[in-house]
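Q: Those sequence lines, one after another, are chains A and R.
Under this note's numbering, think of the first position of the first sequence as 1, with each following residue one higher.
Under this note's numbering, think of the first position of the second sequence as 1001, with each following residue one higher.
Please note that the accuracy of each hint is not assured.
Claimed, not checked - Quick look at which bits of chain R chain A covers, simulated, 3 or more residues with Cβ under 8 Å:
id	region
1	1021 to 1031
2	1055 to 1063
As the list claims (entries may be wrong) - Quick list of in silico lysine-lysine cross-link-like pairs, PhoX-like style, CA-CA up to 25 Å:
id	chain 1	residue 1	chain 2	residue 2
3	R	K1056	A	K361
4	A	K180	A	K282
5	R	K1107	A	K361
6	A	K3	R	K1175
7	A	K3	R	K1056
8	A	K282	R	K1056
9	R	K1056	A	K284
10	A	K282	R	K1088
11	R	K1088	A	K3
Unchecked claim - Among the chain A residues that face chain R by a calculated CB cut under 10 Å, a handful are:
id	residue
12	G137
13	P174
14	K361
If you're looking for bench data, these hints aren't it; they were derived computationally from the structure.
Idealized CB from N, CA, C, for every residue including glycine.
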Amino acid sequence: MRKVITGNVAVAYGAMLSDVQVVAAYPITPQTTIIEELATMQAEGLVDFDYIRVESEHSAMAACIGAEMGGARAFTATCGQGLFLMHEMLHYAAGARTPVVLANVNRAAAAPWSIWSDQTDSVSQRETGWIQLYCEGNQEVLDTTIMAFKIAERLRLPAMVVLDAFFLSHTSEPVDIPEKERVRDFLPPIDPGENWLDPDNPRTFGGITMNDAYMEFRWQIQRDMEKAKGIITEVHEDFAQAFGRTYRQVEEYRAQDTELVLVVSGTVASTARDAVDYLREKGKGVGMVKLKTLRPFPREEVIETLKGKKKVAVIDRNFSPGATGVWAQEVRSALYDLPEAQRPLIYGYVAGIGGRDISVKTIEEIYTKTLEDAEPDDVDMWVGVNYV
Amino acid sequence: MIEIRFHGRGGQGAVVASKILATSIFLEDRYSQSFPAFGVERRGAPVTAFLRVDDKPIRIRTEIYEPDHLVVLDPLLVDQVPLASGLKNDGIVIINSSKKPEEFSDKFKGFRVATVPAGRIAVKHHLGTPQSPIVNTAILGAVAKVLGVVSLENLIEGIKADVPAHTEDNAAAAKEAYEMVSDAVVL
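Just chain A, same shape as in the assembly:
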């Protein structure tokens, strides 16, 4: 079935089709319509889950962790301040190896208040042990939500589906909605294995762990995050096989024959496809590389894709005060070990903070500066800022 739906409704479809068993959530703009839509779907009998209304996002994640420890498939959605309030429990979800799936609608951080899009909320959770999957369109949002359950449950690590506020959350466009039976074939019921809270076989998890064992638990997370790269690729391939739509952790768009490449994520990737076509028509040599995963960071693929390029312009719709945009940090770190002859210059750009538009014109400006400047500036260039 194809329907014109918003990104938030696409998330709800993804969770519904994945037969979630527990949803614990707290409303916050611009996420709210996700959990409203799920409540409607539950009321209409499209899905049967326990809906736990909680008093905060912190409790929402705690409830999801509890549900997963009881062997259930759990889902929640939030954004911005809600994700910040959840932060402590995000660490816990990964540490407890509970494969919760969370949809985060990127919302800028207060103060001052903003409900509009930037990635600072999700990139701030980089160290929590969550897999992070960024989307550029509503179809990808729906498909990624389904895939996130499969990836998370195979690894017993939580996964975050990330979508831009408004540019996806409230934008309606045609989306192919798969049949539930086909999703069931793709995504088997959750199997918690041995490690769940079975009333018939009481056990304890997560108690105080001394320094003779804690490090091993953490090392296992690190090991499995490395393993996640291969598993995400496998799940992408399984999905393409089942539904005919292809996704990659690192995707090139007209980037193979160019010396200058834009590196982007989220909806900027979508607009950048138009920008690249537009610039190519004008005879400019430019391509685009879209990064879908921030964690695990697809280091090897990034190196393979960008080695030998002359210049790489990373566009960050986020920043780390006192450092650079987070994707730029990651790309620089990955490429540093290349021999100098193969190592591109990295140009960092911060753009679109707090929902400011990143248009074809913005991207053209970034391209032109990257082309004309012999060397990158010491700090990221903030695109379109009125310096006061």
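Given chain A, work out where chain R should sit, using these hints.
A: What follows is chain R alone, placed relative to chain A:
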């Protein structure tokens, strides 16, 4: 690609109008994208919504700065908001108004303007209240006729898909506006 910008006030249904039109156009096997301007919408405050139509998937995800056409749900906005900003030269403006298009010549000089009494039509079909009618489905009838981006049949199918309440009244309002809208007059 055709880009249409909707101007209304919170409560008139501008955002839903762009969504219904997106659904209707999709029924004709074309691609559509609709979204609200990302403001903090309140009842009565100026609201903007956007619609893109194309024969191929739409990848651009930004606001519309140079629309092909405008749809104005509240004629009072004409004096309060620079509506013609960025409007392309041969653009058509559809205004919810009982006035003749010529009466808007000072604001839309050189553009094509069509008017339709969408508020009156909405009231007649009991959509919203007489003080605050919901004019979105009525004005979409005019959009279907004047811009030709969708057939009346598919518009009504779109209304049925996206408007769960008073579906028949909304469809009737669209049909009446389709028949009543003025020609687009060059000003």
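Q: It remains to establish, for every hint, whether it holds in the given structure.
A: Now for the hints, and whether the structure bears them out:
| no. | hint | in the structure |
| --- | --- | --- |
| 1 | 1021 to 1031 | holds (count 4) |
| 2 | 1055 to 1063 | holds (count 6) |
| 3 | K1056/R with K361/A | holds, 21 Å |
| 4 | K180/A with K282/A | violated, 45 Å |
| 5 | K1107/R with K361/A | violated, 28 Å |
| 6 | K3/A with K1175/R | holds, 24 Å |
| 7 | K3/A with K1056/R | holds, 16 Å |
| 8 | K282/A with K1056/R | holds, 21 Å |
| 9 | K1056/R with K284/A | holds, 23 Å |
| 10 | K282/A with K1088/R | holds, 22 Å |
| 11 | K1088/R with K3/A | violated, 30 Å |
| 12 | G137 | holds, 8 Å |
| 13 | P174 | holds, 5 Å |
| 14 | K361 | holds, 9 Å |
Checked against the numbered hints above, the structure violates hints 4, 5, 11; every other hint is satisfied.
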